[in-house]
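Enquirer: If you count the sequence shown from 1, position 395 lands on 395 in the UniProt record's numbering, and the numbers rise without skipping.
Hints were generated in silico from the structure; no laboratory data involved.
All C-beta atoms, glycine included, are put in the ideal place defined by N, C-alpha and C.
There could be a bad hint or two in this list.
Stated by the list, open to error - Calculated pairs, SDA-like style, for lysine to any residue (alpha carbon to alpha carbon, straight line, at most 20 Å):
no. : residue 1 : residue 2
1   : K281      : G679
2   : K451      : P315
3   : K573      : A446
4   : K614      : R592
5   : K573      : A591
6   : K294      : D192
7   : K294      : L325
8   : K145      : A174
9   : K623      : E657
10  : K96       : Q39
11  : K70       : L45
Claimed, not checked - Beta-carbon label-pair distances, calculated as ranges:
no. : residue 1 : residue 2 : range
12  : G305      : K573      : 20 to 26 Å
13  : R372      : A333      : 20 to 26 Å
14  : A333      : P404      : 43 to 49 Å
15  : A285      : E354      : 28 to 34 Å
16  : G305      : R361      : 51 to 57 Å
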Amino acid sequence: MAKTKTTTRSKPATSKKTETAGSAAPDGAADIRMIPLDQLEPSQLNVRKVAASASDDAELLASIRETGIKQNLVVHALSETRFAVDAGGRRLKSLKQLAEDGVIPADHPVPCLVEDERNAVLTSATENLQRAAMHPADQFEAFDKMIAEGRSEEEIALKFGVSVDLVRRRLKLARVAPEIIEQFRAGDMTLDCVMAFTLTDDHDRQLAVWNAVKGSYHIHPQSIKRHLTETAHSANSALGRFVGIEAYEAAGGVLLRDLFDDRASAHMENPELLERLAIEKLQTAAKPFEAAWKWVEVHLSVDYGAFRSFGRVYPQDIVPDPDLLAEEDRLIAREEELAAQNDGEDWTDAETEEYYAIEPRLREIEALQRERQPYADADRAIAGVVLTIGHDGALRVEKGLVRPEDIPAASEPDETLADADGAPSPARPHVTPPTSSTPVPSSDPAATLRKADGISASLADDLRATRQHILRAHLAADFEVAFDAMLYALCEQALGRSYTTEALDISIRPFQAQNRDVLHADTVAQKMLEALEQDLATDWITLEKPQDFQAMSALPLADKQALFAWATGLAVKPQLSSDNRPSAIIEEIGARLDVDVAACWRPTAQNYWGRVNKGHAVATARKLIGDDYAEDRNRERKGDIAAAMERAFAETASETEGFGAATVARTTRWLPDGMVFAGATEAGPEMASDAPEAEESDLPAADALAEAENEEPSSLPAFLSGDAA
């Protein structure tokens, strides 16, 4: 190992008045000499009697080892070859240790200021009393400057003899907002308060919290931490443990760690992302249950006792697994054997570990035996499963839940069926009734997933309204689909299948979006509807009753079909296919009509991009256009991003943005999640670029209407075609 360096040059032995970094010479002659280390010893006149801490000594030792002596010692002569160190005892101790370790020779020259013995006490007291400690803010900013110079955390730790963790803590303090550091320098807050602000590196957030607490009578670090984490989830919470820190950070989540309190829990600062990850994990866990049960739901949390609102069906009894049963018997016997050994006082460490592992394994065996018990097909046909997060952060699965409306009516006492062996079995599933009248818990995981992308409830409502408007225009132009949809809705109620209709409101209360004037103005769907409405045969409406009914009845069949389809279109309900439990009937209607939503609506700054968060827009651009384009957008303000995304996802993207054919095919067909009708044929880019600018005579709805007018009567139901008796 190389010898330590010194920065003070050797001085001649002649007397010379000197000022040094160590101390100024008091009255009387003094001189700087390079004295061999083995001629130096601690002075009995040094006023410091309480030793420094071991950690402080370690820091000084490391500093001298790496950078050498930066400050001379102050000594007085005991003899021609012996000197007592009055000021610099800790430096002497470090040098002696380095010599003992073989880092420097025993006679290593040390810069010393030689004074008269009568000044020894004064010099020692002056150095220890008049020295001003470095302000903490100056200290951690100095560390930050070293990092900026290219030094690593490990290098700094080595030079100052401290741990890397300590260096990171000091660097964390350097990342607190300068305005807060100035308050600390001015004495308006304590170091503990500055440390509390290091939970986040977001200066705007730090300053917002400082403005919230600075008027308090007493500013406490815990108050600062509470403000910084009020919207965050603890990593030790059930939600945090369920998702896990690694998965959360891998998805881009920001973790708030208190580097100054090892006992404090980390906090997950992006609650929307955390909830989305939890929902996705629950939905993945729910997949295996969907085929076997009537319904499956996921909930982030369920209130205590909420499951009492459901009825219950229970699994069938079967013979327990013999291997698990044998293991259970062995564990119980071993548990009793260990417990008999003087209540555990004589246990070895291995026996203690074995004993406390038995009970958890017994619970696992019980759960495994329970999982083996099957549910009857008839029970699963009326029951469902709820997956949620337990209080311990583990997945909780509740099976056999029956909604109150799905509980079968009680059977007559003698109403039984025979099974394959001829033995009687209940005609209906046996359901234990609910024990609480509170409503069944409901959740909307789709809303949670949208929220993480910044899609607000109002934007989702507008997307539903847009999609409904497009579907209505297509449905109003197709009698056959409209007739089937209306007939289905009528039969649902007339035949007692349901008290409500799933897809249509057959009271014909037209759905009207709140901001329809903005949403639907000059859209393809609106042009379709206007063209259809102009051709409706409505003169009979102005007549008195019953002449109006007689006139309507006398209309040609094609006019009746057009009126029927128009009225049915008014009743269709709004939904996104990504909604929680969307109506499969609405999706089937859209598929039969082959609705091309992308040809009818494009996302603009006003209707979409200006209403979602920046991260969602950038991520979409990255996926469909490329990394370079996404990075360019990421550096822009939100308004500029929205305008750029509108151009990139418009039908004219090839001309305005210069995109290649493959990129244009992706962006001009892209739609937000839930807007596409499942099962509808995907149209090519050519159709997408032509459809919105089509003239009324070229509209697909007008074509559909023309086809309906020319359709042969024989294709209609008998009672409408005139074939009925």
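Enquirer: Between G305 and R361, does the C-beta distance stay in 51 to 57 Å?
Expert: For G305 and R361 the Cβ distance comes to about 30 Å; the hint is violated.
Enquirer: Can you let me know if the beta-carbon spacing of G305 and K573 is within 20 to 26 Å?
Expert: 33 Å, violated
Enquirer: Under the criterion that the straight-line Cα-Cα distance not exceed 20 Å, is the pair K451, P315 satisfied?
Expert: 38 Å, violated
Enquirer: Between the alpha carbons of K294 and L325, is the straight-line distance 20 Å or under?
Expert: Between K294 and L325 the Cα gap is close to 32 Å, so the pair fails against 20 Å, i.e. violated.
Enquirer: Tell me if the straight-line CA distance from K70 to L45 falls inside 20 Å.
Expert: Violated, at about 23 Å.
Enquirer: Would you mind confirming whether the straight-line C-alpha gap from K145 to A174 stays at or under 20 Å?
Expert: 9 Å, holds
Enquirer: Is the straight-line distance between the alpha-carbon of K96 and that of Q39 20 Å or less?
Expert: Measuring from Cα to Cα gives roughly 11 Å; hence the hint holds.
Enquirer: So the hint says 28 to 34 Å: do the beta-carbon atoms of A285 and E354 match that?
Expert: Taking Cβ atoms as reference, A285 and E354 lie about 32 Å apart, which means the hint holds.
Enquirer: Note whether the CB distance of A333 and P404 lies within 43 to 49 Å or breaks it.
Expert: Once the Cβ atoms are compared, 46 Å apart, the range 43 to 49 Å for P404 and A333 holds.
Enquirer: CB of R372 to CB of A333, is that within 20 to 26 Å?
Expert: Once the Cβ atoms are compared, 23 Å apart, the range 20 to 26 Å for A333 and R372 holds.
Enquirer: Does K573 pair with A591 here, judged by a C-alpha cut-off of 20 Å?
Expert: Since the Cα atoms of K573 and A591 sit roughly 15 Å apart, the hinted pair holds (cutoff 20 Å).
Enquirer: Against the 20 Å threshold, does the CA-CA distance of K573 and A446 hold or violate the hint?
Expert: 18 Å, holds
Hints 1, 2, 4, 6, 7, 11, 12, 16, counting from the list given before, are not met by this structure.
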